[in-house]
Structures are given as structure tokens and as C-alpha cells.
Amino acid sequence: MNRLKRAAFSSLAGLRFNLRSEESFRQEAIILVLCLVLGFFIAPNAAWYVAMIGSLVLVMVTELLNTAIERLSDHVTPDFHPRIGAVKDSASAAVFLAIVLAGIVWLTALAERLSLLP
1 MNRLKRAAFS
11 SLAGLRFNLR
21 SEESFRQEAI
31 ILVLCLVLGF
41 FIAPNAAWYV
51 AMIGSLVLVM
61 VTELLNTAIE
71 RLSDHVTPDF
81 HPRIGAVKDS
91 ASAAVFLAIV
101 LAGIVWLTAL
111 AERLSLLP
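Be aware that the sequence shown starts at 1, since it is given in the numbering used here, and climbs by one per residue.
Honestly, I wouldn't trust all of these hints.
To be verified - What follows is a list of derived Cβ distance ranges for each label pair:
| id | residue 1 | residue 2 | range |
| --- | --- | --- | --- |
| 1 | D74 | N45 | 41 to 51 Å |
| 2 | F41 | L101 | 15 to 25 Å |
| 3 | A8 | E70 | 23 to 33 Å |
| 4 | I31 | A8 | 21 to 31 Å |
| 5 | R20 | F41 | 27 to 37 Å |
| 6 | V87 | S21 | 16 to 26 Å |
| 7 | H81 | N45 | 43 to 53 Å |
| 8 | S115 | P78 | 34 to 44 Å |
| 9 | T77 | L101 | 26 to 36 Å |
| 10 | L117 | D79 | 20 to 30 Å |
| 11 | V33 | F96 | 31 to 41 Å |
| 12 | L116 | T77 | 44 to 54 Å |
| 13 | F96 | L72 | 17 to 27 Å |
| 14 | I31 | A111 | 16 to 26 Å |
Everything labelled a hint here was simulated from the structure, so no lab data went into it. The C-beta atom is built at its ideal place from N, Cα and C for all residues, glycine as well.
Please take these sequences and the hints and turn them into a complete structure.
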């Protein structure tokens, strides 16, 4: 039980740190909170709501991993290094793809709600 408690505290500390220090994570958290409510009006059913919110959580998870990779890379070498630049670009691309996926999920849910899909 102690291990689970320590893990939970570490996770919450990581969320707090990122909310305070990472503008993009803060913006994504605000979007998530707003969409928790907005999703009720857009989602055609409960499964869609879970997919819509899940896609936004996936964006935040990817952003956390991107931040961890960037911070670790900067710690290893603060100077520019082409291979580390490629690693950072790859992590950034992962965030981009997660955002694209979330957009597709939300737009498809909206189209379903408005009966625009066959």
C-alpha cells in the first residue's frame, strides 16, 4: 500500500510540475476541462464521449513524454546536437499526431451528432 501511495504522490507531483512549468501542458489541461463539459453536448453516446475525452488525455500523455524527453536531452547536453535534435523532433511529431487524432475524433463525433455521416 505504501508503494502505491508513493507512486500516486509522485504522479501528482509530476502533474503539478508540468502545470506550473509547461505552457503547452497547461493549455491542454484547460482544453480538457472545457471539453469535459462540451463533450456531453457533442458526443452522440457514452462510447463517443469516452473516445473524445480519451483522445484529449492521449494528447496530454504524449505531451508529458515529450517534455520528459526534452528535459532529459537538455540535461545530457545543453549544446545543440543533431541526433538529440532528431529525438526532440520525433517527440514533438508524436504530440502533433496525437492532436491530429483528437481533432479527427472530435470532428467525426460532431458530424455524427449533426447526422452528416451516412
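For each hint, the structure was consulted:
For the hinted restraint 41 to 51 Å between D74 and N45, the CB-CB distance of approximately 44 Å keeps it satisfied. Range check, F41 to L101: about 21 Å between beta-carbon atoms, so the 15 to 25 Å window is met. For the pair A8 and E70, the beta carbons lie near 25 Å from each other, so the given range of 23 to 33 Å is met. For the pair I31 and A8, the beta carbons lie near 24 Å from each other, so the given range of 21 to 31 Å is met.
A C-beta distance of roughly 31 Å is found between R20 and F41, which places it inside the suggested range of 27 to 37 Å. Range check, V87 to S21: Cβ separation about 20 Å, and the 16 to 26 Å hint holds. A beta carbon spacing of about 49 Å between H81 and N45 agrees with the range 43 to 53 Å that was offered as a hint. Against the hinted window of 34 to 44 Å, the Cβ-Cβ separation of S115 and P78 comes to about 54 Å, which falls outside the hint.
At about 32 Å, the beta-carbon gap between T77 and L101 stays in the expected band of 26 to 36 Å. Our hint of 20 to 30 Å for L117 and D79 is violated, since their Cβ atoms are close to 51 Å apart. A beta carbon spacing of about 22 Å between V33 and F96 contradicts the range 31 to 41 Å that was offered as a hint. Remark: the range hint 44 to 54 Å for L116 to T77 is upheld by a beta-carbon distance near 50 Å.
At roughly 20 Å, the beta-carbon separation of F96 and L72 lies within the given 17 to 27 Å, and the hint holds. Distance hint check: the CB atoms of I31 and A111 are about 20 Å apart, consistent with the given range 16 to 26 Å.
Going down the numbered hints, you'll see the structure goes against 8, 10, 11, while the others check out.
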